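**Student:** The opening position of the sequence shown corresponds to residue 910 in my numbering, with each subsequent residue numbered one higher.
Be careful, since some hints might not be right.
Unchecked claim - Keeping only pairs whose Cα atoms sit at most 27 Å apart, straight-line, the calculated DSS-like set for lysine-lysine is:
#, residue 1, residue 2
1, Lys1127, Lys1076
2, Lys1076, Lys1107
3, Lys954, Lys982
4, Lys1107, Lys1127
To be verified - For each label pair, taking beta carbons as the anchor points, the in silico distance ranges come out as:
#, residue 1, residue 2, range
5, Pro1051, Leu1146, 37 to 47 Å
6, Glu964, Met910, 20 to 30 Å
7, His1064, Cys993, 19 to 29 Å
8, Thr1040, Asp980, 42 to 52 Å
It is worth saying that the hints were derived from the structure and are not from the lab.
No experiment lies behind these values; they were computed from the predicted model shown.
Every residue, glycine too, gets a C-beta built ideally from N, C-alpha and C.
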Amino acid sequence: MVYFVGAGSGAPDLITVRGAKLIAQADVIVYAGSLVNPALLDGKKKTCSVFNSAEMTMEQVLHVMIPAAQDGKLVVRLHTGDPCVYGAHREQMDALDAAGIPYEVCPGVSSFCGAAAALRAEYTLPGISQTVILTRMEGRTPVPESERIEALAAHGASMAVFLSAGKLAELSQRLEAGGYAPDTPAAIIYKASWPDEKIVHTTVSGLAEAADRAQITKTALIVVGRFLGGGYERSRLYDPSFTTGFREGRA
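Please put together the full structure from these sequences, using the hints given.
**Tutor:** Structure follows, in structure tokens:
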């Protein structure tokens, strides 16, 4: 059996209870060493074999996982955050399907959730934004034309930009070209929930300068939107006058 496990945003105790149990039971662990906190491996058993996928191709990863699973071993593929966001695990699942290997996915805490926790922020505020866009700038991996930063920025929604910390001057230009005002609040969160976490508050136009001052060049999430500001409407859910299936609203 192969388990794709989300390691969480960084802090070892932010992995799910299920994920921690799977690590403790694993015979083989293949982990994303460039991003997963190695402290998570402290919970493995002594006989567990560990492989760092940062040094491997997908074919090499599969060459480890498939024979181990065929031998009846419990294999954990440990991904950063949640595997469903930039985890590249679909292609691994397809390969396991082709090989007849059963697998399950154990979700994790994505870095965009860890970033919001570090900021003490809520992406979805009444009257401000009810949509969260998770995206990235194109690099060696392209993005569809309809999902370019300018097109997404036109919505004015809350946005979390992954894998783009090295291109912040260009990101600012393109966010503004899409419709965000230059003074729209923004933040750079470096290694959310890690011991060396950094949080830098800035604006859309000030992203590159703020990152330079903080000496942040990678492993950072960029969040943008008016949810980082001060104004919003009260939620109707807990308004005394709002009737729900559990209580009667009163004027």
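**Student:** Hint by hint, note whether the structure agrees.
**Tutor:** Hints, one by one, checked against the model:
no., hint, in the structure
1, Lys1127 - Lys1076, "holds (10 Å)"
2, Lys1076 - Lys1107, "holds (18 Å)"
3, Lys954 - Lys982, "holds (13 Å)"
4, Lys1107 - Lys1127, "holds (12 Å)"
5, Pro1051 - Leu1146: 37 to 47 Å, "holds (41 Å)"
6, Glu964 - Met910: 20 to 30 Å, "holds (24 Å)"
7, His1064 - Cys993: 19 to 29 Å, "holds (22 Å)"
8, Thr1040 - Asp980: 42 to 52 Å, "holds (46 Å)"
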